[in-house]
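Single-letter residue listing:
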Amino acid sequence: MLSRPEALELIDAAFAAQPLVLTLGGTIREMLAVVGRKPNHLYSLDAMGQPLAIGLGLALGMEGRARGERVVVVEGDGSLLMGFSALSTVGHLRPRNLVAVVLDNGVYLATGGQPTAAASVNLVGVARACGWADARVVASEVEAVREALQWASATDGPILLRVPVGTEQPTTDFFLEDPVVLAREFGDWLQNTGAGDTKRPAAR
Amino acid sequence: MSASFEQRSQAVIDGVEAIDPEFVLHLPSSTLKLVLGHFLDGPGARPDRRIFPIPREEEGISILSGLGLAGRRAVMIFQDNGIGNMLTALLTFPQPYHLPLFGIITRRGGLGEYNSMIHTISERSEALLTAADVRWFQLDARTPIEDWSATIQRGYAYAHTTHRPVFVLVNLMGG
Numbered sequence: 000m001l002s003r004p005e006a007l008e009l010i011d012a013a014f015a016a017q018p019l020v021l022t023l024g025g026t027i028r029e030m031l032a033v034v035g036r037k038p039n040h041l042y043s044l045d046a047m048g049q050p051l052a053i054g055l056g057l058a059l060g061m062e063g064r065a066r067g068e069r070v071v072v073v074e075g076d077g078s079l080l081m082g083f084s085a086l087s088t089v090g091h092l093r094p095r096n097l098v099a100v101v102l103d104n105g106v107y108l109a110t111g112g113q114p115t116a117a118a119s120v121n122l123v124g125v126a127r128a129c130g131w132a133d134a135r136v137v138a139s140e141v142e143a144v145r146e147a148l149q150w151a152s153a154t155d156g157p158i159l160l161r162v163p164v165g166t167e168q169p170t171t172d173f174f175l176e177d178p179v180v181l182a183r184e185f186g187d188w189l190q191n192t193g194a195g196d197t198k199r200p201a202a203r
Numbered sequence: 000m001s002a003s004f005e006q007r008s009q010a011v012i013d014g015v016e017a018i019d020p021e022f023v024l025h026l027p028s029s030t031l032k033l034v035l036g037h038f039l040d041g042p043g044a045r046p047d048r049r050i051f052p053i054p055r056e057e058e059g060i061s062i063l064s065g066l067g068l069a070g071r072r073a074v075m076i077f078q079d080n081g082i083g084n085m086l087t088a089l090l091t092f093p094q095p096y097h098l099p100l101f102g103i104i105t106r107r108g109g110l111g112e113y114n115s116m117i118h119t120i121s122e123r124s125e126a127l128l129t130a131a132d133v134r135w136f137q138l139d140a141r142t143p144i145e146d147w148s149a150t151i152q153r154g155y156a157y158a159h160t161t162h163r164p165v166f167v168l169v170n171l172m173g174g
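Heads up: the protein sequence lines correspond to chains G and C, in order.
Number 37 in numbering that gives the first Met the number 0 belongs to position 38 of the first sequence; there are no gaps in the numbering.
Number 139 in numbering that gives the first Met the number 0 belongs to position 140 of the second sequence; there are no gaps in the numbering.
Treat the hints with caution; some may be incorrect.
To be verified - Distance ranges between label pairs, derived from CB positions:
#1 C:Arg134 / G:Gly63: 28 to 34 Å
#2 C:Leu127 / G:Ser119: 32 to 38 Å
#3 C:Ala126 / G:Val180: 30 to 36 Å
#4 G:Ala109 / C:Asp13: 45 to 51 Å
Source of the hints: derived by calculation from the structure; they are not laboratory data.
Predicted model only: the values in this text are computed from it and were never measured.
Quick reminder that beta carbons are idealized off the backbone N, C-alpha and C, glycines included.
Pulled out of the complex, with its shape left as it was, chain G reads as follows (with noise of 0.2 Å):
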């Protein structure tokens, strides 16, 4: 079973250079502690639900860019199911570049651990059932995980991938960064500099 900073270490991989919205604290420290603080990532600190809604309206305000891009989201399993009306508006929708990776550890880590209902909830079944190009379950192992990845950044979308996890919780640091400086970092860089490109900008 893949670590969750396993997992998303090879999201930033097949993703180096794509808009990628991250959710909640825990897994934004530990992105960060495994690739470090990148222009491309949206960090949203503690928007508990919104990540998918936040990325399909990304999707949608970037789709016929001629780069190609991908908008991936990166969602917990508790976080998708707080949101989960998202996933009808998505199919409704059918962003063909957006991707949404749900790492499924089955409880709510930053909380203490407490299980959410994903377990019982067949998340594949219900994004085909909305509508969604396609999704799958991902067996937790490198190789499968990353032959996912390629196959969802090579695929129209809308493209779901489950992704179970383990529930170790590294030690990492609290990000303590103003939400406005997030904000500003991501949109310079989608609109200035965009895919390709993820140097951070000059400080202002």
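Guided by the hints, dock chain C onto chain G, whose structure is given.
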């Protein structure tokens, strides 16, 4: 004599059209019948514009945020009994991240209301938004109908000038 439902609805349509949104998100509301009809089946249903329903207000706030980050013009149109739904999303993403977004909120409750329950939340719309430090403007019988369209347009501009969500409350029911 105050403006009719049709005149008020047309003023809202004119105001939104002046913004020239590329995306129109909407939730159900009987008082929005004419406004939504313009965008769904009327002249506002343009091939270069995406108009789509959303099931919950907080989801709309998140989609608007993503569209805003992508630099696109978008408007959400919904009813005031959904204000409570959207507050957590609003105050955990676009408000603290200083993202401009814009919505038209139809008022319910008050004189002319025909539902025995909805006033319980609708009459608190302004108080809820104010308590959340969300900027709003009001269009009702006190505002000349000639000013409605321009106020909506200026509300959208104000969201971008001040880098925050802004809403215009519109009373289409005569109040």
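> Going back to the hint list, which numbers does this structure go against?
Replying inline: Nothing - there is no hint that the structure violates, so all of them hold.
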